[in-house]
Amino acid sequence: MFGGLHSPRPLPEEGALLALAREFTPRVEATAPTPVLLDLSGLGRLWPTPHELGRALLDAATSRAIEAQAALAFTRGAALVLARACPGLTVVPAGREAAALAPLPLVRLGLPAERQELLHRWGLRTIGDLARLPPVALAERFGPDGPRLARLARGEDEGLLVPAPLPERFETTLELDWPVDGLEPLAFLLSRVLEPLCATLAARGRKAASLAIELGLVDGTAHARVLQPAAPSGEARTWRTLVLLDLEAHPPRDAIARVTARAEPTPARAAQFSLLDPALPSPERLAETMARLHAWTSAGRGGSPQLVDTHRPGAFAVSTFAPGPLPGGRREEPLPAPRVALRAFRPPRLAHVVLRGGSPSFVSAPGVHGAVAASAGPWRASGDWWDVAWSREEWDVALVLPPGRATATGGLYRIFLDRLREEWFVEGELD
Amino acid sequence: MSTASLPSDTLAPPPAERKRALEDLLRARRLQADGPPLRGEERRRPIPTGIGELDVLLDGGFPRGHLSEIHGPVSSGRTGVLHALLAGATRAGALAALVDPLDRFDPGSAAAAGADLSRLLWLRGPRCAPEEAGEKTLADATAAVATLAGSLLFDVVTLDLAGADRERRRLPATTWLRLQRLVEGAPTAVVLVADGHVACGPGGKALALEPAGLRWSGPPGPARLLAALAARARAGRHGLRSADLSLAAL
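Taken in order, these protein sequences are the chains called A and B. Here the working numbering is used: the first sequence runs in plain steps of one and ends on residue 431. Here the working numbering is used: the second sequence runs in plain steps of one and ends on residue 1250.
Possibly wrong hints are sitting among the right ones.
Label pairs and their in silico Cβ distance ranges [to be verified]:
| hint | chain 1 | residue 1 | chain 2 | residue 2 | range |
| --- | --- | --- | --- | --- | --- |
| 1 | A | Ser-191 | B | Gly-1236 | 49 to 55 Å |
| 2 | B | Asp-1165 | A | Glu-394 | 27 to 33 Å |
| 3 | A | Ala-381 | B | Gly-1236 | 41 to 47 Å |
| 4 | B | Arg-1178 | A | Glu-423 | 41 to 47 Å |
| 5 | B | Gly-1213 | A | Pro-334 | 25 to 31 Å |
| 6 | A | Ser-382 | B | Gly-1218 | 22 to 28 Å |
| 7 | B | Asp-1165 | A | Glu-171 | 50 to 56 Å |
Derived list of chain A stretches under chain B, where covered just means 3 residues or more per stretch with a C-beta under 8 Å from a C-beta of chain B [claimed, not checked]:
| hint | region |
| --- | --- |
| 8 | 281 to 289 |
| 9 | 339 to 350 |
| 10 | 425 to 431 |
Calculated directly from the structure, the hints in this document are not laboratory data. Remember, it's a predicted structure, so these values are computed and weren't measured experimentally. A virtual CB, placed ideally from N, CA and C, is assigned to each residue, including glycine.
Use the sequences and the hints to build the structure in full.
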């Protein structure tokens, strides 16, 4: 037997009706906060008659300040429709579903508005009117939906009850008899918290996308941290390292009396590896390594360099280091010929440049000093006039260092004249 | 080299024959030097620079599990060789890391050299003048190199010390010994880039570069371009083996 439970008024909490239903049976179907459908099979031992069982359902709802109406029937469709339509308790004997549904207005079936309007234009007003139509004629007009509508109107079921999954809560708490001060003793305690948590996750085929750690301190406050690595992990050792590294950077103010770890679960990843392609790095190990380099990466000074779509010289961005699979055919592409590289000075070094005949003849800047032996330029460029404008004149200059420091060619540098500020700069060394 | 093939009756070969044919195929693949390496196999080969002359000089490239170095004065092509090394490694699908305490790396140059920037981890030092980049910055940089090499994730880990010669000399001499010990047995080649000789492990390669001239596109004048930078590379304990290389200008 099935039971439909519906509340015509707003619920005190969104899941209140579902929680109430779970007190009677674990097999509950709920696609919305209301109504919910209960599988009442086997409850006859506790409540001998359906009326007693229905009354118990309504009493439980009243005790929780929920205004509910219930319907018990031998088909799921009838139980749900009657629960929505009829106040109080409705009990339908076996085989009487169609008769119970027949006098109800058609709108109680919960059909889409356009379908509802069409049936109304046909002159159908009650569910019984729809049930009386020949299924074959309905199929001719509605296709596969026609017989389904007819079965629904007669209170017949199709499909099986799909129980709503129980809420999963991955949380472990450890209350300490004696508070601990410092991270070294905490390292051992973390294992006791994280290992059962990760075992629970593994048992459900899950990993943790993020981990919230809450340390209850002896002064009554809590020190909370949330760790969100680039890839989910289900390894207690990895999480322990990440937590310890994070707490090293953000230590608690006082001794710790309680440790709570709460994981945000996510399905475990499944990947098919190739025999020939290079292996992708282990996400857990990558997350651990990046956490160890926290001092470099936290200030935005560590990551993957990226070129940006602009002509402004030296423009780039740094993004999170998360290498993906190698694009197909990339390994077979030939590499370009080796090239001269720029070793940039950031910011460019202010320079004093002596010109002779329009070309630089002497350059002096911090760490760069010498007469120009050869040069190429000028190359003018400008842009971003609508924003922060820039305009420059570039030269590549080969310097002869002062006597005693001379090398075969001296240094080769890129210098430029900022035409807006009328100042010379050394952009970098060509190497 | 013998060419291995599956037996003609491939519909139902006996298990022993099938196993032998598969072993023959695998053996043939290993002997074929230019064939793509099998999964896991490539992490035993040296890391080539991608510059033919240098790879011959270095017996195939920079060896894994050892500390190697590239050194030379200003404009000797150190950075060009470094970018070629990073390009070769990242284009082959490996991960590379560059620890750059003086923040000198130019992503545009590396991309022009063919590097896959998404597979390159760049750690930039604090933003300051080179004279302010003290001993602590370099000590932090060597610690970062140790972390990266210890992670076993990266095929190449490079540390750019060029321009920080004075600060580098203040580091304890044992720094490099410890780094060499740490990288031993790892599938990672650690490469230092510096103005002069810093350290090279017993199995590592030291590549000394010196400038050998510049090539311009024409006589002095407005249309002239820098065409190439020539350098001479020396390798080996006493720099007895040498090769000339030319780096095209941007």
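Now for the hints, and whether the structure bears them out:
1. A hinted range of 49 to 55 Å holds for the C-beta pair Ser-191 (chain A) and Gly-1236 (chain B), which are about 50 Å apart.
2. Roughly 28 Å separates the CB atoms of Asp-1165 (chain B) and Glu-394 (chain A), a value that falls within the hinted 27 to 33 Å.
3. Between Ala-381 (chain A) and Gly-1236 (chain B), the C-beta spacing of about 44 Å keeps the proposed range 41 to 47 Å intact.
4. Range check, Arg-1178 (chain B) to Glu-423 (chain A): about 45 Å between beta-carbon atoms, so the 41 to 47 Å window is met.
5. Hint check: Gly-1213 (chain B) to Pro-334 (chain A), Cβ distance near 27 Å, so the stated range 25 to 31 Å holds.
6. The hint said 22 to 28 Å for the Cβ distance between Ser-382 (chain A) and Gly-1218 (chain B), and at roughly 26 Å that hint holds.
7. The hinted window of 50 to 56 Å between Asp-1165 (chain B) and Glu-171 (chain A) holds, with their beta carbons roughly 55 Å apart.
8. Evaluation of the coverage hint for the region 281 to 289 of chain A: fulfilled, as 6 residues show C-beta separations to chain B shorter than 8 Å, against a requirement of three.
9. Counting residues of the region 339 to 350 of chain A whose C-beta lies closer than 8 Å to any C-beta of chain B gives 8; at least three are required, and the coverage claim holds.
10. With 4 residues having a Cβ less than 8 Å from any Cβ of chain B, the region 425 to 431 of chain A passes the three-residue criterion, so the hint holds.
In summary, the structure agrees with every hint in the numbered list given earlier.
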